[in-house]
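Asks: Here are the chains, one letter per residue:
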Amino acid sequence: MTDIVCVAGVDLLMDYLEGVLTDDVRAALDAHVAECQRCAAFVDSYCATPGLFKHATDASLPDDIQRALRAFLRARRR
Amino acid sequence: MVVTAAEPGDELLAAQAAAGDDRAFEQLVSRYEARIFRLACRLTSETDAPDVLQETFLQVYRSLRTFRGDSRFSTWLYRIATNAALMNRRARARRPSEPLDQYLPRFDSRGVHTGTPEELQLPSRADELLDSQALADRAREVLARLPDMYRDPFVLRDLEDLTTAEVAAMLGLDPAAVRQRVHRARLMLRGYLSDLVGVRP
Numbered sequence: 047m048t049d050i051v052c053v054a055g056v057d058l059l060m061d062y063l064e065g066v067l068t069d070d071v072r073a074a075l076d077a078h079v080a081e082c083q084r085c086a087a088f089v090d091s092y093c094a095t096p097g098l099f100k101h102a103t104d105a106s107l108p109d110d111i112q113r114a115l116r117a118f119l120r121a122r123r124r
Numbered sequence: 034m035v036v037t038a039a040e041p042g043d044e045l046l047a048a049q050a051a052a053g054d055d056r057a058f059e060q061l062v063s064r065y066e067a068r069i070f071r072l073a074c075r076l077t078s079e080t081d082a083p084d085v086l087q088e089t090f091l092q093v094y095r096s097l098r099t100f101r102g103d104s105r106f107s108t109w110l111y112r113i114a115t116n117a118a119l120m121n122r123r124a125r126a127r128r129p130s131e132p133l134d135q136y137l138p139r140f141d142s143r144g145v146h147t148g149t150p151e152e153l154q155l156p157s158r159a160d161e162l163l164d165s166q167a168l169a170d171r172a173r174e175v176l177a178r179l180p181d182m183y184r185d186p187f188v189l190r191d192l193e194d195l196t197t198a199e200v201a202a203m204l205g206l207d208p209a210a211v212r213q214r215v216h217r218a219r220l221m222l223r224g225y226l227s228d229l230v231g232v233r234p
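Protein chains in written order, with the numbering used here: chain A, 47 to 124; chain B, 34 to 234.
Just so you know, these hints were derived from the structure itself, not from any lab. Keep in mind that the hints are not guaranteed to be accurate.
Derived contacts from chain A toward chain B, CB cut-off under 8 Å, selection only [said to hold, decoys possible]:
hint, residue
1, Val51
2, Cys52
3, Ala54
4, Val79
5, Gln83
6, Phe99
7, Lys100
8, Ala105
9, Leu119
Which stretches of chain A does chain B cover? Using the computed rule of at least three CB atoms under 8 Å from a CB of chain B, they are [stated by the list, open to error]:
hint, stretch
10, 65 to 77
11, 106 to 113
Just so we're clear, the structure is a prediction, and the values are computed from it rather than from any experiment. Yeah, the Cβ is synthetic: ideal placement off N, Cα and C, and Gly gets one too.
Isolated chain B (complex conformation):
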């Protein structure tokens, strides 16, 4: 049997950091800083993400003593980061968000998809059909245009891979409402990709 030295778990590091061990805190920061920055970019913007990142870890540092081992450290951290991102956004001037309803799927009077199978398939090949930098730019833009009520559940559920139950708890929504909003976000963003690859959704 091969025994390898395991990395200390998050919860152990959090307990050590709460007891005043700065190196344990630094390990937690280095373990999560990239993920929290990426989350902040997705929920705010690249301009605001550095502030959200700093605010998140400052709050973590200040509230480590209140962290109880009854939830995972990562869940607790994501909740702090999400709140920091939402507070940051609230402090900014309202950005214009658009319903993006024009990207919802279309059906004929019998309720049948209007597109051909080939047209309906095409958005799934957006990464082959578009330059990756152009796709990245457009994706960031459209995410920022998405109304917050769809953007936040979509980011947490689909881009950050939290469970529907975790997203529901974090945003104060029913799981059914999370599913409904994530679904609508997927429909609009799928239609947006369709438009990008040259097919009216």
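Next up, chain A with everything else stripped away, as it sits in the complex:
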């Protein structure tokens, strides 16, 4: 089993989360993150990023745009 350093661990994160790593690489990454506070903190903020962006870009449909869409579609269906 080879030891993983932070820079290599970061490269593996997406594949780790998607479950496509081999068992031995997965175990090596688990072992590194369990011992490395920096990587544990990095993983937290990496995993939080999509959710933060999802929430921050959650646009709602304005009423006037909804009305315009429906009028547009009614006109095209005639």
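Since the structure of chain A is already known, use the hints to place chain B on it.
Replies: Relative to chain A, chain B alone:
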């Protein structure tokens, strides 16, 4: 046993709409219009999203007869909407996109993170540390600055919750390429959040 009247499924409504039932089509529109508008905002801009929204449902209306029940209606709809968004963007003047490489994580010569654990953790608290309107404005801005090759997979995979396989099929990429691009987008956007909360990534 309690039996409740279920809403008609998308695929049933699509079949009814294809057979000329306008009310079924309207139900599909009202079920998905908000989601498609949000997707369009994320892939284009709030200015262009209304056009993408109209173009999407017009295309859906015109091609309902070609919809086969072998994929989910929502997958088919998302594919039409994504294409409409990409076409809309192509018709616009090229916006300046930046690699945003300055936000990638940094390591010392041994390959160890340069930040302290506290600094590396901080971006995950961006929503507590920043005003929510300011965060929303910055998030939209940086998404627009992200090169399309990262933006599109990130939006579809992480913001719209499609699977990696669905995103790959939609963008004509290998699943491995989708993972690689989403990963890079996450790294850059994480670093951007870090910068926003006052820590050099």
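Asks: State whether the coverage of the stretch 106 to 113 of chain A by chain B holds or is violated, taking the criterion as 3 or more residues with Cβ-Cβ distances under 8 Å.
Replies: holds (count 4)
Asks: Count the residues of the stretch 65 to 77 of chain A whose CB lies closer than 8 Å to any CB of chain B, then report whether that count reaches three.
Replies: violated (count 1)
Asks: Under 8 Å is the threshold here; is the Cβ of Val79/A close enough to any Cβ of chain B for the hint to stand?
Replies: It is violated, given that the least Cβ distance between Val79/A and chain B is near 12 Å, above 8 Å.
Asks: Mind checking the CB of Lys100/A against every CB in chain B and telling me if the closest is under 8 Å?
Replies: This interface hint holds because 5 Å falls under the 8 Å limit.
Asks: Under 8 Å is the threshold here; is the Cβ of Gln83/A close enough to any Cβ of chain B for the hint to stand?
Replies: holds, 4 Å
Asks: Quick one, is the Ala54/A hint okay against chain B at 8 Å, beta carbons?
Replies: For Ala54/A, the interface hint holds, since the closest Cβ of chain B sits about 7 Å away, which is under 8 Å.
Asks: Checking hints one by one. Is Leu119/A an interface residue toward chain B, by the C-beta closer than 8 Å rule?
Replies: holds, 6 Å
Asks: With a cut-off of 8 Å, does the beta carbon of Val51/A approach a beta carbon of chain B closely enough for the hint to hold?
Replies: Hint holds; Val51/A Cβ to chain B Cβ min 4 Å, cut 8 Å.
Asks: May I ask you to test the interface hint for Phe99/A with respect to chain B, counting a Cβ-Cβ separation under 8 Å as satisfied?
Replies: Constraint on Phe99/A satisfied, holds at 5 Å.
Asks: Using 8 Å as the Cβ threshold, decide whether Ala105/A counts as touching chain B.
Replies: Cβ of Ala105/A sits 4 Å from chain B, so the hint holds.
Asks: Does Cys52/A pass the interface check with chain B, least Cβ-Cβ distance below 8 Å?
Replies: Given a least distance of 5 Å, the restraint on Cys52/A holds.
Checked against the numbered hints listed earlier, the structure breaks hints 4, 10; every other hint is satisfied.
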